[in-house]
Amino acid sequence: MPEKKLFYNIMIAGVGGQGTVLLSRMIGDAAIKLGLKVRIGETFGAAMRGGAVHSHVRVGPEVYGPLLLEDEADALLALEPLEGLRRGLKYLKPDGIAIVNTRKVYPVDVNVGAAKYPDVNDVINALKKLTKVVLAFDATEVAERIGDPRVMNVVVLGAFAKFSEVTGAPFNKEVLLEAVKGRVPTRTLEANIKAFEEGYKIATEFIEKSKDLFK
Numbered sequence: 001m002p003e004k005k006l007f008y009n010i011m012i013a014g015v016g017g018q019g020t021v022l023l024s025r026m027i028g029d030a031a032i033k034l035g036l037k038v039r040i041g042e043t044f045g046a047a048m049r050g051g052a053v054h055s056h057v058r059v060g061p062e063v064y065g066p067l068l069l070e071d072e073a074d075a076l077l078a079l080e081p082l083e084g085l086r087r088g089l090k091y092l093k094p095d096g097i098a099i100v101n102t103r104k105v106y107p108v109d110v111n112v113g114a115a116k117y118p119d120v121n122d123v124i125n126a127l128k129k130l131t132k133v134v135l136a137f138d139a140t141e142v143a144e145r146i147g148d149p150r151v152m153n154v155v156v157l158g159a160f161a162k163f164s165e166v167t168g169a170p171f172n173k174e175v176l177l178e179a180v181k182g183r184v185p186t187r188t189l190e191a192n193i194k195a196f197e198e199g200y201k202i203a204t205e206f207i208e209k210s211k212d213l214f215k
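Note that the sequence shown ends on residue 215 in the working numbering; no numbers are left out.
Just to be clear, a hint being listed does not mean it is correct.
[Unchecked claim] Pairs of lysine-lysine, DSS-like flavour, derived with a Cα cap of 30 Å:
no., residue 1, residue 2
1, K5, K93
2, K215, K4
3, K4, K93
4, K201, K181
[Stated by the list, open to error] Simulated DEER-style distance windows between Cβ atoms:
no., residue 1, residue 2, range
5, T43, V120, 19 to 29 Å
6, D122, P61, 36 to 46 Å
7, V110, E178, 32 to 42 Å
8, L67, R187, 26 to 36 Å
Think of the hints as simulated: they come from the structure by calculation, not from any bench. Every residue gets a Cβ at the ideal spot worked out from N, C-alpha and C, and that includes glycine.
The whole structure should be built from the sequences, with the hints applied where relevant.
Have a look at this one:
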C-alpha cells in the first residue's frame, strides 16, 4: 500500500443537477475528520440544470487558495464524460487518476443542433492519453438499478474510496462513507450506502484486473 500523500488535489467535473457540489462537500468533510485542512472552490456555467459545474478540492496540512493550477489534479472525478475531458485537459496530472461516469448529458448547443457531441469512446480514449489510470463506467445506470439516479455521485465517490487505498490519496473507505451519511437525508440513506458500496466494488474489480497500472 503506497504512502499517503500530504497534499492532494481533486477536480470534480459535471453539470448542474448531478450533485457536483455535494460531492465536493462530502470529500471536504472527510478531510476535516482526518485532521486535514481543505479549500473548495466552484465554477459554474449557465445558471440552469445542464450548465457546467466544476469543483476544485484542495487538501493538505495547510492549504490556501481554493482553485487548482494547471496540471495539479491528482484525481479527476467526472460525473459527465465531456466535462471530464475538458477539465482533465487543463488540470489532470500525467500520473493522476480519472474516474468517469460515461452517461452523456447533452449541453444546450447540442440539443438545439448547433454542435455535435463526440463519441464517448473517443472522449475516454482522449482521457487515456492524459493519464494511464482511467476507470470509465456508467455510474448513472448503477444508480438507476439501486432505484435513485440522484445517487450517481456517491457511486463515483465509492470508486474513489477504493482508489484511495492504492494511489496514496489521504482518505479511506470508512471516513468517506461517514461523510456520505452525514450529508444525505435519512430517507435516501440506504440508497446512498448501496451506491457507495457498488462504486467501491466496481473499482475493486478494475484494480484487480489492472494491477500493472498501479506499480
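Which of the stated hints cannot be reconciled with the structure, identified by number in ascending sequence? As far as the earlier hints go, not one is violated by this structure.
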